[in-house]
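K.L.:
Top to bottom, those sequences are chains A and B.
Using this note's numbering, you'd call the opening residue of the first sequence number -18 and step up by one each time.
Using this note's numbering, you'd call the opening residue of the second sequence number 22 and step up by one each time.
Note that these hints are calculated values from the structure, not bench results.
Here the structure is a predicted model, which means the values were calculated and not measured.
Worth double-checking, as some hints may not be accurate.
Said to hold, decoys possible - One side of the interface only, derived from the structure: several residues of chain A facing chain B at Cβ under 10 Å:
#1 104
#2 145
#3 153
#4 154
#5 158
#6 190
#7 195
#8 258
#9 262
#10 263
C-beta atoms are modelled at their ideal positions from N, C-alpha and C, and glycine is treated no differently.
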Amino acid sequence: MTIEKSAATNEPEDNGIEQTSEAAVTPEQNLDENTPDAPLSGEHDMAQDDDPKTTAPLARNSFVKVAEVAKTRPIITKPTEPLLDDEPAMQAGIRCHVGARRERNEDSCFSFVSEVGGHFKMQPFGLFIVADGMGGHADGHLASKIASRTAAHHIIDRLYLPLLEDNERVMQTPIQEVLETAVQRANRAVYEYDPEMDSGTTLTIALILGRRLHVAHVGDSRLYMYANDKLEPITIDHSLVQRLQDVGQLTAEEATFYRYGHILLRAVGQSEEVEVDTYMRLLPKSGILMLCSDGVSGFISDAEIAEILKQDASVNTIADGIFSAAMSVGGFDNITAVVIEFKL
Amino acid sequence: MGRLTTRQLPGKKERKQKGTQRVGLQPGDMLQDRYRIVGSLGAGGFSSVYQARDMRFPNVTKLCAVKEMVISAPDPKIRELTIQSFEREASMLAMLDHPAIPDVSDYFTEKDRSYLILDLIRGKDLDRWLEEQTEPVDQNTCIEWAIQLCDALAHLHNQKPKPIVFRDMKPSNIMLDQHNRIRLIDFGIAKIFEGGSKGTMIGTEGYSPPEQYRGMATPAGDIYALGATLHHLLTNQDPRLEPPFTFAERPIHTKNSTVSPNFEAVIMRCLSYDPTERYENATALKETLQSLQNANATPVSQVIGGGMETAVSMPGQAPTQDAIPVPPSNQISPIWTFKCEDEIRSNVAIAEGKVFVSVYDNNLYALNQKNGGIVWKFPTSDGVGASPCVHDGTIFIGSSDSRMYAIDVHTGRQKWHYTTQGPIYSSPKVRFDHLFFGSDDGHLYALNVKQGRKAWMTNAFSAVRSTPYVDDERVYVGTEGGYIYCMDLSTGKTNWQAQAKRAVTSSPVLYDDVVVVGSLDATVYALDAATGWAIWRFRARRPIISSPTVHDEIVYIGSSDGSLYALDMNSGRQLWQFETKGQVNSSPVVSQNAIYFGSTDGYVYSISVKKGELRWKFNTNSPVISSPIVDEEGTIYIGSTNHILYALPA
Chain A
-18 MTIEKSAATN EPEDNGIEQT SEAAVTPEQN LDENTPDAPL SGEHDMAQDD DPKTTAPLAR
42 NSFVKVAEVA KTRPIITKPT EPLLDDEPAM QAGIRCHVGA RRERNEDSCF SFVSEVGGHF
102 KMQPFGLFIV ADGMGGHADG HLASKIASRT AAHHIIDRLY LPLLEDNERV MQTPIQEVLE
162 TAVQRANRAV YEYDPEMDSG TTLTIALILG RRLHVAHVGD SRLYMYANDK LEPITIDHSL
222 VQRLQDVGQL TAEEATFYRY GHILLRAVGQ SEEVEVDTYM RLLPKSGILM LCSDGVSGFI
282 SDAEIAEILK QDASVNTIAD GIFSAAMSVG GFDNITAVVI EFKL
Chain B
22 MGRLTTRQLP GKKERKQKGT QRVGLQPGDM LQDRYRIVGS LGAGGFSSVY QARDMRFPNV
82 TKLCAVKEMV ISAPDPKIRE LTIQSFEREA SMLAMLDHPA IPDVSDYFTE KDRSYLILDL
142 IRGKDLDRWL EEQTEPVDQN TCIEWAIQLC DALAHLHNQK PKPIVFRDMK PSNIMLDQHN
202 RIRLIDFGIA KIFEGGSKGT MIGTEGYSPP EQYRGMATPA GDIYALGATL HHLLTNQDPR
262 LEPPFTFAER PIHTKNSTVS PNFEAVIMRC LSYDPTERYE NATALKETLQ SLQNANATPV
322 SQVIGGGMET AVSMPGQAPT QDAIPVPPSN QISPIWTFKC EDEIRSNVAI AEGKVFVSVY
382 DNNLYALNQK NGGIVWKFPT SDGVGASPCV HDGTIFIGSS DSRMYAIDVH TGRQKWHYTT
442 QGPIYSSPKV RFDHLFFGSD DGHLYALNVK QGRKAWMTNA FSAVRSTPYV DDERVYVGTE
502 GGYIYCMDLS TGKTNWQAQA KRAVTSSPVL YDDVVVVGSL DATVYALDAA TGWAIWRFRA
562 RRPIISSPTV HDEIVYIGSS DGSLYALDMN SGRQLWQFET KGQVNSSPVV SQNAIYFGST
622 DGYVYSISVK KGELRWKFNT NSPVISSPIV DEEGTIYIGS TNHILYALPA
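Excised from the complex, chain A in its bound form:
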């Protein structure tokens, strides 16, 4: 299976030239004379938004027929403290399991929560990643590992460590560009690991910084938010089935049983560049986020997910609930759920 590479290349806009002195420019000045510079100091390695589109459909797992529901042992849960009322806080519980039918767990996930106390508080920082390696390809487990860790490394290096260093100077590279670059680096790392092997993975990143959620997303892993008694999907799948629904060719009901349910329109590691969805939103005062692979969302409905997320329980209990639900319908795929409770 090959992916068409787009001929589009980065515009050489970001030339890295730092302008050192600036004369004050009056509003009356003819702006035509001002050529735009690279706007911000700092990083210049970020990719541009106008990336090539990788639109060729990718065959993913061969379709597995639903078989008997496997019995699984319940996982021992570590009790977590309820979140304090007045201090902003978040905590995460993760389950990343091979499931009942697969031989290898090709999902990877990552969770990092930082809370700093004392007189000089830091904003809550939470980084959560789910990657679902493509099983039809040779090294799905490696692809998801490389992608999630490369991205995590970049984000922590460019966003978290500077936060620890100095609060005074504001980080100049826009957060969404850091996320975009993280995904592009992950993409390149997977691609360069073995260009011949056609490895690939989904990659969904949720970054909580202060009261804001930033998302970078490729593929069909999902991010949900449960807040104010409502479940809301935050990401949109880059899948054939979603695309068909978007253009009115498939109803939601039809989509559930659609034959090519696992065909991805975009994946990390398939070509030199990948088109990434990045966006942000302001989080409500409190709520629950869940990242999951299609081993969860492909088998249990949104209504069921909502029922589990709304429980008054610890994040680990909730993550277990998701895992159990996915297992109870067969555990046909690897099962990954990252459940984050936040109070900001």
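Position chain B relative to chain A; hints supplied.
P.N.:
Frame of chain A, contents of chain B only:
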């Protein structure tokens, strides 16, 4: 269209009203036990002139002129300073010794008024004289008067240590005495009394040079005003009734055949837009006039010297279009228009049935919202490029004269002013009874709205022309040095600063705790309001001055690359762009399902919110830099650099 009704005549009327409103001296009143008022000779903005009898000479009727000036400043300190400057200037005038300048024989201050006793000049001023003429004055008479005026100006300008600037040369300030000699009356001394009260611009619109509209009064300005006076005398066209600085389009010889090309060229050089292109001084002008007088046939180049041709072509005086040309493609026509003296670059403010517009002609105008009729105007002493802000019956406006003014919405009277160390182009914002604005002195200010007392000022290290955005806790503002600052609302302490590559003249807006602002580095930035962290940025092709507006999670912003952009608030991605043929430095405004903005291609645009499709465009034939404001009824108010404010239907 509506040109005469809005421009100069109301100004004249206003001055008259002021004179009659004030309770002046009555015949029989006595000043200093010496000067008995006989009658009134006239009233100006801040002063009245009376005829009085000097009772020191009981046996003869010795008449004198009494100029009375009202000290309007309520602050005792300022009053004292006003009186001191008055006495200084009166002493200076008393020292002048020139046949064309009336003698000052006495001065004093009584209660809240200062008085100057001058020679009474019998005769008539040239304004009245002109009214009586059926033919324009002939060239030789005019040259003779001009020489006398130059002689008087030279005397004033040569005073040490500082030249005295007459400031208000015009026919009505020139007397023709009973010996047919020229006398100057009404010196600029009244200017001292203008501070802290409403009045008109220094000098008189139509006669004053361009730079005087921006607060500069120099000897070169007197030469311009002399040129304007001569033009008026020779053509009998009152410059107060014409668009400003249009003398070049009204050649003298077409109205007065007695005028030689040489004399016309001399006058046009006096009227150069650029002060350095006028005559070097009054003496040089006088000598040129004398040589004209002596040898009418001398070739122009020898008489006038270099620079004449550029003077005649009048750089900077582009032909002024007639008001509101409406091309057939236009679908809409204005509800009303208001024509003022200079470019409108700022936005209006609307409150209590009035539209407030600030103009580069130094004035803040209050207009009737329904018909555009002038309610009052408030002069500052320099151009006003900032937009006004209305709060609780008070209108706040910053001026290039470095002051922030608080003016009563109903009366147009000043409540207070606050002086910064630099021109103010930032428009103020009110929150929690405090006024927030920036100044070119590099600071952001927070003043108490009631008294104008400073709560805090914070150093932003470069000029602040951006208008601050103020939320419940913080103030956000851009600087010409390329920073975006977030300050604590109550202390002014800097919370964070973020850096762009070039000036941030655009004014930030806050939406969902995200600060959105444009920069001259051609980028739109979205920053986290709490930390200043950049969330995304969008690159236009050219610098951005336009301020963003956010509506339904979409950011609308213009760029000097000619486009209005619609960006997704959550990702910074472009949804669509609408291209114009000029620069979009105007800030868009959204009302109902339409976006309104101006472009330097001369059009005001209305496009659809969703897809950016053109609804209509309106041609002003002159760059539109100002941003529209929409009132509750959907009427759009926007000014253009053609000096016209438009009220347009949605």
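K.L.:
Hints first: check each against the structure and report whether it holds.
P.N.:
Hints, one by one, checked against the model:
Evaluation of the residue 104 of chain A hint against chain B yields a held restraint, the C-beta minimum of about 7 Å falling below 10 Å. For the restraint placing residue 145 of chain A at the interface with chain B, the shortest Cβ-Cβ distance is roughly 14 Å, beyond the 10 Å limit, so the hint is violated. Of the supplied interface hints, the one on residue 153 of chain A holds, with its beta-carbon coming within about 6 Å of a beta-carbon of chain B, less than 10 Å. A hinted interface residue such as residue 154 of chain A counts as satisfied when its beta carbon comes closer than 10 Å to some beta carbon of chain B; here the least separation is about 7 Å, so the hint holds.
Proximity of residue 158 of chain A to chain B holds as hinted, the smallest CB-CB distance being about 7 Å (cut-off 10 Å). About 7 Å separates the beta-carbon of residue 190 of chain A from the nearest beta-carbon of chain B, less than 10 Å, and the hint is met. Proximity of residue 195 of chain A to chain B holds as hinted, the smallest CB-CB distance being about 7 Å (cut-off 10 Å). For the restraint placing residue 258 of chain A at the interface with chain B, the shortest Cβ-Cβ distance is roughly 8 Å, inside the 10 Å limit, so the hint holds.
With a least beta-carbon distance of about 6 Å to chain B, the hint placing residue 262 of chain A at the interface is held under the 10 Å criterion. Taking 10 Å as the C-beta cut-off, the interface hint given for residue 263 of chain A holds, the closest approach to chain B being about 5 Å.
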